Amino acid sequence: MEYNNKHLVPYLSYAGLLFLLAALVTVLFLMSVLWGTAEIPIITFLDVLLGNESPTGIILLELRLPRAILALAVGASLGISGAALQGLLRNPLAEPGLIGVSGCAALGSVIVFYTGLSVTYSFALPLGGMIGACLSVGLLYCLAGRDPSILTIILAGVAINTVAGALTILALNLAPNPFAAFEVFFWLLGSLTDRSMNHLFMALPFIVIGTCFLLSTKRGLDALTLGEDVAFSLGINIKSLQTRIVLGIALAVGASVSVAGVIGFVGLIVPHLLRPFVGYSPGYLLIPCALGGAALTLAADIVVRFATQGPELQLGVLTSLIGAPFFLVLVIKMRREGQ
Amino acid sequence: MTFLTARNILISKNNNNIINNISLKIRPGELVGLIGPNGAGKTTLLKSLLGIVKPIEGGVYLNNLGINTLSRNYVSKHLGYLAQGAPCYWPVTVKQIVELGCLPHTYDTKKREGSISNIVAESMASTGISDLQFRKVTSLSGGERTLTMLARCLAGQAPLILADEPVTGLDPSHQIKIMQLLKNQVSSKIGVVAVLHDLNLAAKYCSRLVLMSEGKIHADGVPETVLSTQNISNVYGIKAKMQYLDGQPIILSGSI
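Note that the protein sequences, when read in sequence, are chains A and B. So the first sequence is numbered by this note's numbering: it starts at 1 and just counts up by one. So the second sequence is numbered by this note's numbering: it starts at 1 and just counts up by one.
Careful, some of the hints might be misleading.
[As the list claims (entries may be wrong)] List of simulated lysine-lysine pairs, DSBU-like, C-alpha gap at most 35 Å:
1. B:54 to A:239
2. A:239 to B:77
3. B:189 to B:239
[Stated by the list, open to error] Stretch-level coverage of chain B by chain A, calculated; a stretch enters the list once three of its residues show a Cβ under 8 Å from a Cβ in chain A:
4. 43 to 55
5. 200 to 214
6. 234 to 243
The set of hints was computed from the structure by calculation and includes no laboratory data. Nothing here was measured: the structure is a model prediction, and the numbers come from that model. Ideal placement from N, C-alpha and C gives every residue a C-beta, glycine not left out.
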């Protein structure tokens, strides 16, 4: 039996796992681009990529491609953020929404909806989301203090989440007309329908920067397996590690929520499913989770297109429908192990 | 030679002085037993020596340089830490844990993967856990778990090792095994500090004992002088009966 860093589990090497996940993402990405109410042959796709214009080309470039790329980017953000947060908090039940970023990003976007800015400027919506996410991080630091412990971060996150949730409901309550409230309500459920290249260009840079922050935390997360004090004694700067993770999640998840709404449970399920394949190492979990999150979100986004006749099922509803029972199983399993 | 010095350090929590004006020098070549009653400040002193807890007054110096002014990587190469209770939060394998001990050295491009895996194999062999390397840490006994953490600590190749209660809660055979391993590490280049509760074990293996009481150092010296009936009575509040076997003090159960 050969174990080393390349073989964290005996039957699948780390490179092999990455290859399988990347292949899965590629297949799902192609399916996402080519499948829909109008079936598009792969030849047309290649044709469009070569720059030849056609009516189906417009569907591809204006509708399918931004949607597929967003599903990929949003899913990767949620997956890697979940992995990083679970590693930081050393708790498999943690989720990116836990530190209040998702809630505040949603609130920021809702305020933009409410004020009608989203009608005037298409960029206002993602911008509002990211401002909300950034504010939540600022608020988190004000609440948790200069030298935050994990517990104060969680408590501050819960408080911020609660306030953001209450203010979002308040905005819905005070909505000028039922249609506005309906629109906001549906957006909150999370969806990738009718997103344009503009949305993509607005969110992608922040997602990429955030993901880079998170990728830099591999060593630190691995060391945290042994607790904060031992990680510190192994040369890890704990404060810098926390800052990079919180900032990375704020950027990646904040940008994701602002264009796609709240898509729950991806950040919880993916790290949990993939953890055994990397020998439970929290650092090695990061990249597979980015790929796994992308794959799950792409798959879910394909399913919502065909799941219902008429109006599409919201993506966030589907992930929650899959995620909530999964969460319950996880809790029961943990309780059994605890006994 | 690596020296670790604490100069007049003061640490307080909620206006209670946990460490009250302590000065201490740790050098290679000795196995120092840090003893004292619960709440005397042993763990806090150990953490402040590692730079984990920052003193309000005074300072900790590694080779005469302030420990918080040095890079974390430099400090991690000089000070190894064995935490109390051998914490591990994910069900990783023994080998993965020992590999984490090499983290301070993985920045060096000179140290290739080959030499790292040699260090890991040597550390596991020297603590006798090579057979356990693919076992999950969650399936280990307390003794095996402590040996794993010790191997992880040795893999860091630090000249000074600070161990917090390495033998607490272990059976006599594992206690002796671990104390012997710590003693074997001591050389002209390596020194060990261990927080201990078993005074007989401390007397048997340590070349120097630091007896703490209420945030202060009550006595510091060779076991024979530190473990006097007077000191034990003053610090622990027990009347102990002392015997000497081959010049080594043995504390027989006393009364309160």
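**OP:** Identify every previously stated hint that the structure contradicts and give their numbers, smallest first.
**Re:** Failing hints, ascending: 3, 5 and 6.
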